[in-house]
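Top line first, the protein sequences correspond to chains A and B.
Under our numbering, think of the first position of the first sequence as 1, with each following residue one higher.
Under our numbering, think of the first position of the second sequence as 637, with each following residue one higher.
Keep in mind that the hints were calculated from the coordinates and are not lab data.
Among the hints, erroneous ones may be present.
[Stated by the list, open to error] DSSO-like cross-link-like pairs, simulated, lysine-lysine; straight-line CA separation at most 27 Å:
1. A:LYS557 with A:LYS466
2. A:LYS190 with B:LYS834
3. B:LYS942 with B:LYS710
4. B:LYS984 with A:LYS132
5. B:LYS984 with A:LYS190
[Stated by the list, open to error] Some residues of chain B that are not near chain A, with every Cβ distance over 12 Å (derived):
6. PRO662
7. ALA722
8. ASP729
9. ASP734
10. ALA748
11. LEU757
12. SER759
13. LEU761
14. SER762
15. ASN763
16. ARG790
17. ARG800
18. LYS840
19. VAL851
20. GLN992
Just so you know, even glycine gets a beta-carbon here, dropped at the ideal spot from N, CA and C.
What follows is the residue order along each chain.
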Amino acid sequence: MSQRNQHRNRTAAASALLAFLGVSGLILSPGLGRPVRAGEMRPSVESISYASPLEVLLSPDGSRLYVLCQGSEDIRVLDAQNFAVIKKIPVGAVPRGFSFSPDGAKLYVTNSSEDTVSVIDTAKLEVVATWKTGAEPSSVVAEPGGTRLFVANRISNDISVLDAATGVEQKRLSAGRGASYLTLAPDGSKIYATHVYPNPSAYRTAPESEITVIDAARAVVVDRIPLHGIAHAFHIDFSPDGRLGATTGYHPKNLVTLAHLEHGGAFEDTITLFGADLGRTVEVPLDELERYASQPFGVAIAPDKSRIYISSGGSELVTVIDLPRLMQYIRLHPGGFAHDLSASANYVVTRIPVGLNPRGITLSRDGRRLFVANRLDDTLSVIDTHANKVVSTVRLEGPKNVSALRHGEQTFYTSRYSFQGQIGCANCHIDSTFDGLTWNLEPDGFGRNPVDNKLIEGIKDTEPYKWTGTNPDIPTECGPRTEKYFWRSEQYDDITLTDLSLYVRSLNPRPNRWKLIGHEVTPAQERGKAIFERTIDKFGNQIAFYNRCIFCHSGPKGTSQELFDDVGTSTPLDNTSRLKAPPLTNIALTAPYLHNGSAKSLEEIWTIYNPQEKHGRTADLTKDELNDLVEYLRTR
Amino acid sequence: MKTKHQLAVICTMAISLAMSLAAQAPQMPKFRFENFTTANGLPNNHVFAVLVDGPRVWAATEDGLAVYENHAWKTYTTKDGLAHRAVLSLALDKNTGDLWAGTMAGLSRISAGRIDTFTQLNSGLSNDVVYGVSVEGENVWVATAAGGCRLNLRTGVWTLYNERNTPMNEIWAYAVAATPTKVYYAIWGSGLLEYDQKTGRWDKYDDPDGENEMVLFKDQGLIHEIVTSVSYVDNIVWAATYFGDSRYDGRYWHNFLTKDSGLPSNFTNTVKGVDGTHAWFGTDKGLAYYDGANWAVYRPSLQDGKPEMTVRDAEGRVTTIAVTSAPAHNYVLGIDFDGDDIWVATAKGLSHGIRQRP
Numbered sequence: 001m002s003q004r005n006q007h008r009n010r011t012a013a014a015s016a017l018l019a020f021l022g023v024s025g026l027i028l029s030p031g032l033g034r035p036v037r038a039g040e041m042r043p044s045v046e047s048i049s050y051a052s053p054l055e056v057l058l059s060p061d062g063s064r065l066y067v068l069c070q071g072s073e074d075i076r077v078l079d080a081q082n083f084a085v086i087k088k089i090p091v092g093a094v095p096r097g098f099s100f101s102p103d104g105a106k107l108y109v110t111n112s113s114e115d116t117v118s119v120i121d122t123a124k125l126e127v128v129a130t131w132k133t134g135a136e137p138s139s140v141v142a143e144p145g146g147t148r149l150f151v152a153n154r155i156s157n158d159i160s161v162l163d164a165a166t167g168v169e170q171k172r173l174s175a176g177r178g179a180s181y182l183t184l185a186p187d188g189s190k191i192y193a194t195h196v197y198p199n200p201s202a203y204r205t206a207p208e209s210e211i212t213v214i215d216a217a218r219a220v221v222v223d224r225i226p227l228h229g230i231a232h233a234f235h236i237d238f239s240p241d242g243r244l245g246a247t248t249g250y251h252p253k254n255l256v257t258l259a260h261l262e263h264g265g266a267f268e269d270t271i272t273l274f275g276a277d278l279g280r281t282v283e284v285p286l287d288e289l290e291r292y293a294s295q296p297f298g299v300a301i302a303p304d305k306s307r308i309y310i311s312s313g314g315s316e317l318v319t320v321i322d323l324p325r326l327m328q329y330i331r332l333h334p335g336g337f338a339h340d341l342s343a344s345a346n347y348v349v350t351r352i353p354v355g356l357n358p359r360g361i362t363l364s365r366d367g368r369r370l371f372v373a374n375r376l377d378d379t380l381s382v383i384d385t386h387a388n389k390v391v392s393t394v395r396l397e398g399p400k401n402v403s404a405l406r407h408g409e410q411t412f413y414t415s416r417y418s419f420q421g422q423i424g425c426a427n428c429h430i431d432s433t434f435d436g437l438t439w440n441l442e443p444d445g446f447g448r449n450p451v452d453n454k455l456i457e458g459i460k461d462t463e464p465y466k467w468t469g470t471n472p473d474i475p476t477e478c479g480p481r482t483e484k485y486f487w488r489s490e491q492y493d494d495i496t497l498t499d500l501s502l503y504v505r506s507l508n509p510r511p512n513r514w515k516l517i518g519h520e521v522t523p524a525q526e527r528g529k530a531i532f533e534r535t536i537d538k539f540g541n542q543i544a545f546y547n548r549c550i551f552c553h554s555g556p557k558g559t560s561q562e563l564f565d566d567v568g569t570s571t572p573l574d575n576t577s578r579l580k581a582p583p584l585t586n587i588a589l590t591a592p593y594l595h596n597g598s599a600k601s602l603e604e605i606w607t608i609y610n611p612q613e614k615h616g617r618t619a620d621l622t623k624d625e626l627n628d629l630v631e632y633l634r635t636r
Numbered sequence: 637m638k639t640k641h642q643l644a645v646i647c648t649m650a651i652s653l654a655m656s657l658a659a660q661a662p663q664m665p666k667f668r669f670e671n672f673t674t675a676n677g678l679p680n681n682h683v684f685a686v687l688v689d690g691p692r693v694w695a696a697t698e699d700g701l702a703v704y705e706n707h708a709w710k711t712y713t714t715k716d717g718l719a720h721r722a723v724l725s726l727a728l729d730k731n732t733g734d735l736w737a738g739t740m741a742g743l744s745r746i747s748a749g750r751i752d753t754f755t756q757l758n759s760g761l762s763n764d765v766v767y768g769v770s771v772e773g774e775n776v777w778v779a780t781a782a783g784g785c786r787l788n789l790r791t792g793v794w795t796l797y798n799e800r801n802t803p804m805n806e807i808w809a810y811a812v813a814a815t816p817t818k819v820y821y822a823i824w825g826s827g828l829l830e831y832d833q834k835t836g837r838w839d840k841y842d843d844p845d846g847e848n849e850m851v852l853f854k855d856q857g858l859i860h861e862i863v864t865s866v867s868y869v870d871n872i873v874w875a876a877t878y879f880g881d882s883r884y885d886g887r888y889w890h891n892f893l894t895k896d897s898g899l900p901s902n903f904t905n906t907v908k909g910v911d912g913t914h915a916w917f918g919t920d921k922g923l924a925y926y927d928g929a930n931w932a933v934y935r936p937s938l939q940d941g942k943p944e945m946t947v948r949d950a951e952g953r954v955t956t957i958a959v960t961s962a963p964a965h966n967y968v969l970g971i972d973f974d975g976d977d978i979w980v981a982t983a984k985g986l987s988h989g990i991r992q993r994p
């Protein structure tokens with residue numbers, strides 16, 4: 001029986017098991033640590049549209065709560081006192097960020113999957129315009145004069161500057177990699193951008209990210225604040241006086257062998273403070289020695305600078321920091337303490353459990369209430385900031401049952417399965433994608449086999465998995481391997497593993513931005529395709545099967561799913577030179593390349609790492625032709 | 637023997653005559669040159685290009701990219717991510733404020749202190765030796781030792797221009813000037829290439845006399861095939877070659893040679909048009925200015941190295957103007973303007989010409 005058939009049978013068996021358990025009402029809430037009422041979970045594999053609240057904002061007058069619902073692709077407008085729904089406004093595909101115009105008359109929403117901004121009239125509560133942006137717009141802010149909009153484009157790594165009256169794009173500013181979150185400084189003079197992927201750096205060096213600083217009036221980048229060691233940064237907030245900024249970030253330990261999770265062995269969860277109050281950047285750990293604030297995302301500084309609130313999507317909590325105590329601690333430790341997990345005891349006031357995968361947070365004007373969007377259970381937590389307690393949980397309209405797919409997604413994002421709750425799948429697969437890093441995993445041997453972390457979109461039916469193809473299917477990849485080598489803790493039960501596998505299998509590739517509308521190809525892409533598919537080189541010689549691009553990277557996803565003995569890329573650190581031909585799905589987005597992440601660009605695969613021509617016949621190509629090949633690959 | 641009185645009269649007459657001639661000379665811009673070398677902060681005296689960027693001045697030197705701001709020099713090197721220590725060309729993206737630097741080993745973008753480097757190995761750049769760069773809209777146009785290329789900043793797509801898809805007989809591209817309507821490439825040994833932004837078509841201008849140094853008919857066409865620099869302003873092409881310079885208005889050519897103009901040397905490294913009438917030329921024998929009729933030359937004297945300014949009027953009369961300073965060296969490689977001031981990159985330092993008013 002082929003591996004593929006074995007896998008299909010296993011999946012079918014798991015589905016049958018699910019059906020039985022669901023009908024009999026015996027389902028435990030897998031991984032949630034509590035029993036679930038029969039009927040709360042529906043053992044369904046089909047996709048159900050959950051609200052999935054990602055971000056939350058208060059209207060400028062504080063009377064309304066706006067909730068960005070990524071799953072149902074709408075903006076919910078709620079009464080901020082009684083949380084009654086005022087309106088549900090449909091927007092574009094996969095909304096990701098939103099903000100108000102300076103006068104509050106407009107709400108701008110980025111639609112990440114269709115590269116647009118929806119403009120909502122906040123009086124009419126309807127979309128009045130839709131404007132084009134760069135690729136995968138993730139947040140938007142208007143400059144105080146109201147003449148320009150700035151949009152962070154995650155996969156074009158830039159910031160679109162739009163005319164706020166017409167939506168016409170005026171220019172693009174070069175940002176860092178994965179530009180995603182924009183924040184206007186309180187005085188309106190600067191816009192700060194953070195990035196979910198690390199900037200390119202030298203091979204096997206610490207990741208580097210940046211805060212891109214834009215002069216709002218001139219619409220030019222004026223500074224780039226380095227974030228050393230930070231691979232993924234998310235929201236920023238400022239104190240009202242503008243003298244202190246804070247951004248959340250993941251600090252991975254990808255340069256050392258991932259051999260344990262104790263003492264922050266895989267990640268540190270941090271905020272980085274910057275601004276005039278400090279005169280420098282200071283990375284502040286949120287974790288404790290045996291407890292973590294995994295996947296920090298949202299951040300809010302209290303109006304009186306007494307507290308900082310941080311949501312942690314993986315740990316499902318909000319961390320409350322005593323800001324004066326933190327500033328005092330910083331002053332007493334001028335050498336930094338980013339790696340000291342005992343430090344947080346000196347400034348963390350409490351950690352408040354909230355819903356599943358808490359993301360966006362916002363404070364009321366007076367700082368008395370903190371609203372938290374819990375993306376994976378369709379709720380808002382309302383926290384009384386004096387009592388530091390959730391005083392209300394607002395359930396958003398939507399399906400009440402938790403489908404198998406939804407449960408799989410919850411499992412993917414939570415950190416509760418790993419030792420001491422340090423990491424979840426989403427730590428390395430940011431928003432279910434990739435992380436742009438190479439890791440060294442302990443089972444291959446200390447210092448052996450550093451591997452590039454691959455994109456997981458579209459990995460369904462591309463088994464076997466791992467670069468060495470040693471995992472025959474997704475359940476093996478996500479189950480025993482992950483549990484043993486990553487979580488080093490609790491094992492998934494069968495249902496949870498099946499649901500997690502279902503979720504991973506459901507991750508379809510995002511739209512390819514290099515393909516022209518209507519799937520036409522540019523002349524360069526067409527020429528590149530011919531090179532990809534060629535069987536004869538430019539001298540008229542037959543190219544050996546194993547040295548044709550299309551032989552190893554065949555099929556719709558660009559993989560033959562076969563292992564190949566030697567493509568000339570192995571190094572003395574590798575245990576084997578036998579590697580699986582990886583899929584080419586959205587390959588343009590996922591640098592670095594090759595099994596060990598040594599190629600920083602697609603070009604380098606052939607200009608540097610193919611000297612023996614074992615990774616395709618390319619030495620006969622001119623530079624023009626290699627460029628054509630790259631242009632074609634970008635369409636995959 | 638002449639008496640003291642007679643000598644005084646003669647001197648007075650001579651001075652009066654000189655003053656009279658000077659008074660008759662056309663009024664050409666006069667400068668006080670402040671020179672920068674390694675002695676006062678420049679990382680290297682070989683300066684290949686200069687670019688004025690608001691309050692900053694960028695100098696492309698053989699040993700790094702130097703920036704002068706607030707009366708102090710700072711140098712970016714390969715340690716900061718610069719593609720190579722020898723920087724050959726500069727261009728400013730006026731939309732974004734990013735600076736592009738062509739080097740001997742790749743193209744670098746300097747954006748608010750971050751340097752991104754593109755090479756022939758890690759990107760679609762046609763060749764690592766980047767002689768020229770120019771930014772227009774969302775495209776960066778590059779002149780390299782293996783033809784030209786264009787990076788679209790929005791799509792990330794590189795398009796290469798060489799002998800396979802343009803009339804470029806040689807692929808040694810020395811300079812590029814990109815504007816919204818036309819893009820011009822100065823090709824070493826292959827004349828001047830013109831790209832029409834609207835139609836996407838290429839055109840080519842060659843020396844009608846072929847690849848030799850003869851000029852059979854003046855103003856018949858481009859002065860020579862070895863084109864080193866090009867500037868396109870107000871629909872006028874200014875082209876520099878190693879054998880004279882040319883001005884082209886789309887219909888007529890006008891050529892400049894030392895024998896029939898105020899050009900100090902036919903060996904011209906760079907040309908920069910102020911507008912359709914006025915232009916500056918950087919030669920191996922000094923800096924020259926042409927106002928449409930008259931010429932001025934600024935240089936250390938070829939005889940004694942003392943500061944020198946000469947003016948040649950439309951009739952060919954040459955007048956020496958008394959000056960106290962001159963550009964750092966006669967071998968001029970780059971020119972840029974800062975209002976009425978001028979910055980000059982030379983083989984032995986960078987010069988700031990501060991305009992002097994009568």
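Tested hints:
1. A:LYS557 with A:LYS466: Roughly 16 Å between the alpha carbons, so the hint for A:LYS557 and A:LYS466 holds.
2. A:LYS190 with B:LYS834: Violated, at about 37 Å.
3. B:LYS942 with B:LYS710: 30 Å, violated
4. B:LYS984 with A:LYS132: Given pair B:LYS984, A:LYS132 is violated - Cα atoms ~50 Å apart, limit 27 Å.
5. B:LYS984 with A:LYS190: Roughly 41 Å between the alpha carbons, so the hint for B:LYS984 and A:LYS190 is violated.
6. PRO662: It holds; B:PRO662 is separated from chain A by about 40 Å at its closest Cβ, greater than 12 Å.
7. ALA722: At about 22 Å from chain A, B:ALA722 clears the 12 Å cut-off, so the statement holds.
8. ASP729: B:ASP729 is in fact no farther than 12 Å from some Cβ atom of chain A, at 9 Å.
9. ASP734: The assertion about B:ASP734 is violated, with a minimum of 6 Å to chain A.
10. ALA748: Not fine: 4 Å to the nearest Cβ puts B:ALA748 too close to chain A.
11. LEU757: Given that some Cβ of chain A is not farther than 12 Å from that of B:LEU757, nearest at about 4 Å, it is violated.
12. SER759: Label violated. Min Cβ-Cβ 6 Å, cutoff 12 Å.
13. LEU761: Violated, since 9 Å does not exceed 12 Å.
14. SER762: B:SER762 is in fact no farther than 12 Å from some Cβ atom of chain A, at 6 Å.
15. ASN763: 8 Å, violated
16. ARG790: 6 Å, violated
17. ARG800: Given that some Cβ of chain A is not farther than 12 Å from that of B:ARG800, nearest at about 7 Å, it is violated.
18. LYS840: Non-interface label on B:LYS840 holds, nearest chain A Cβ at 20 Å vs cutoff 12 Å.
19. VAL851: Check passes; 36 Å lies beyond 12 Å.
20. GLN992: Holds, because the least Cβ-Cβ distance between B:GLN992 and chain A comes to about 33 Å, which exceeds 12 Å.
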